[in-house]
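**Q** Single-letter residue listing:
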Amino acid sequence: MNLPVLPTTVIGSYPRPKWLREIIKGFKAGRYDADALNEALNDAVIVVLREHEEVGIDIPSDGEMRRDEMVEYFAERIGGFKFYGPVRVWGNNFFRKPAVVSRLSYLKPIVVDEFLFARRNTSRQVIKVTITGPYTIADWSFNEYYDSKEELAFELASIINSEIKKLEEAGATFVQVDEPALTTHPNEMEWAVQAINKAVEGVNIKVGLHVCYSNYDILKPYFEVLKVSQYALEFANRGFRDLEVVRGLSKELGFGVVDVHSRRVEEPEEIAKAIFKVMNYVDPEYIYVNPDCGLKLLPRSVAKAKLSSMVKGVEIVRKELGKKGISEIPLRTKV
Amino acid sequence: MVKVYAAMIGSFPRPRGLVRLISRFNSGKISRERLELGYEEYTRKLFKLLTSANIEYFTDGMLRWDDIFNPLISYVDGVKVDGLYRFYENNFFFRAPQVISRIRLRSDCPIPEWFDKSKRILWEVAGSNSHYVLKVVLPGPLTFALNSINNYYSSFEDLINDYVYEVLHPLMKELRERGVKVVEVHEPELTYGRADARVKLHSVEVLSKLFTEVGLRLWLQTYFGNACDSLNYLLYVCKHVVGIDLVATKDYSKCLRYLSDFDSVAIGVYDSRNTLIERNRSIGWYVSRFAKLYINELFVTNNAPLDFLPEIIAVKKLKKLGRFVRLFNARGVGR
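Same order as they appear, the protein sequences are chains A and B.
The number in the working numbering is simply the position in the first sequence, starting from 1, with 3 added.
The number in the working numbering is simply the position in the second sequence, starting from 1, with 5 added.
Check each hint, because a few of them may be wrong.
Covered, in the sense of this in silico footprint (three residues per stretch, anywhere, with C-beta under 8 Å from a C-beta of chain A), are these stretches of chain B [what the hints assert, rightly or not]: (1) 17-27; (2) 78-92; (3) 97-104; (4) 279-289; (5) 312-318.
List time: in silico BS3-like cross-link candidates among lysine-lysine, alpha-carbon distance up to 25 Å [what the hints assert, rightly or not]: (6) B:K34 with A:K28; (7) B:K325 with A:K85; (8) A:K168 with A:K111; (9) A:K152 with B:K34; (10) A:K254 with A:K337; (11) A:K152 with B:K255; (12) B:K34 with A:K31; (13) B:K34 with A:K21; (14) A:K254 with A:K307; (15) A:K307 with A:K28; (16) B:K297 with B:K325; (17) A:K85 with B:K324; (18) B:K321 with A:K85; (19) A:K280 with A:K322.
Hints were generated in silico from the structure; no laboratory data involved.
Just so it is clear, CB atoms sit at the ideal spot from N, CA and C, and this is done for glycine as well.
From just these sequences and the hints, can you work out the full model?
**A** In structure tokens:
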């Protein structure tokens, strides 16, 4: 399967439409039943897929419409977690940090139905399915049960491995494991990397790894060790500093070109400039283009405008690459 | 015999009601006056909790702060508020100070005014002659320097000097005039270990000089790292209060050997990063050992800002802390 060079994609989340937020609120207050909520969630996924397609995204996602938060969502569906209440992540933004209070168990497939629904409702060949990685779930949970975080992470890795295999069976072709916490404890990197490898063991579809707001110098020594074919990294937030870290990267780079914490819509030209810059470090045939991270905290109109600008920026670069005869790349499962 | 006090350091989780008010204010739905009433209401609730829990030294919970640097850095000329960066090893992010020119505190910094408001509320709750001590929290020079994106100063020492003399100094003078007795300076960087010895030493020396000059009591709070490795630097402020994170300090017995040279020590034994509630017996084990030191005051505290916990757990821990110290002092539990 081939994709246009510099495939454009998203990291995962997208702002929920206002009407969906109202229905979720109404559902929590008992004004809507589960069927009404489910219908609204399905409609929202269709809307997001259309918006992604409309602006020209090559590999869309379902915008994680069904997920309130990336760790919460999985913790709610894995046996052994408990929620005490929200915890601050930054500024005035909070998430319900789960606590592990008993042995974890894989109850049933977590995101397979989400994938199947999205696939039925998009014209794109490839869609991205995001899964929060074992290390991040372990690191962002309170551990009241396991003797160590390592033991907890490996238990989660087994559960996530089962889930990715279920996705593969269902026909998914691109799974992104989200590990924003990966580099936060450098002394845990050795086993954290092994936990991720356990989560993707025996998987034969494309697996990307998303790590953001992190010290990439800590990640770099493990670029080869991790059994993934792509690293989706954030660079716009840091003003495209630190690009040296990806020099000589032997896997694909998902290049973050849109700052998801700023409402300013980047100009296509500045996005193109950033892509030309990163092409000094990574060959264009190994670059995907995406926002820094999930877009869900932005107003929907801003998120859409940013994606549109991103695609236009990519088109500027594609024109130049076209002159050199570079127009397509394969969907790689192994690099 | 050493006097043992219950104390709270740093932030208290921003209550959900206040979070909602701030969101509504940010989207223009309520006035600043309404938000201000909200801050006062939740500060009052916090003071009621703390005073009824027998906690004698505390902060205002930093309810107006988004992170340890914000909003202070918005009132410093020469600093731009940059992107989001991870706060040490936590799933918590701060907006980093980007230093673009010589730094200097602006005259419109509202922190002294916030202290006035909190003091008035404390008087309402506990009376104007109460024995409670309300501390003001500020980021320390080393932590500020190491977490800044420095595009101006040629050395950390120069940045630290200007932060201490051009930012902290005028602020301290103003705070002293408003009746502040103790300033809690947060220096996680001191025990975290990114700075070299020369810079660490310099930061503690200038801080010590500043507090001697201004005539305020310094509570130098470290966290996230092993305090034993930094006691040689902390000796420079041994006449003040030195706060250490005993959860992160594995070899506490080494600390015990050195801490006899100190006047006042705060031991962080209630873990702000885990939901498990500490048992009196294990806390008593630590406190009884530190209570045998030849120091004047021993403060029993949370080990780090409470922002990392759900509010419900923070409340439980604070109540437990206060109850423990009351029992310890009354019955000599564990002495």
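**Q** Go through the numbered hints given earlier and state which of them the structure violates, listing their numbers in rising order.
**A** 9, 14
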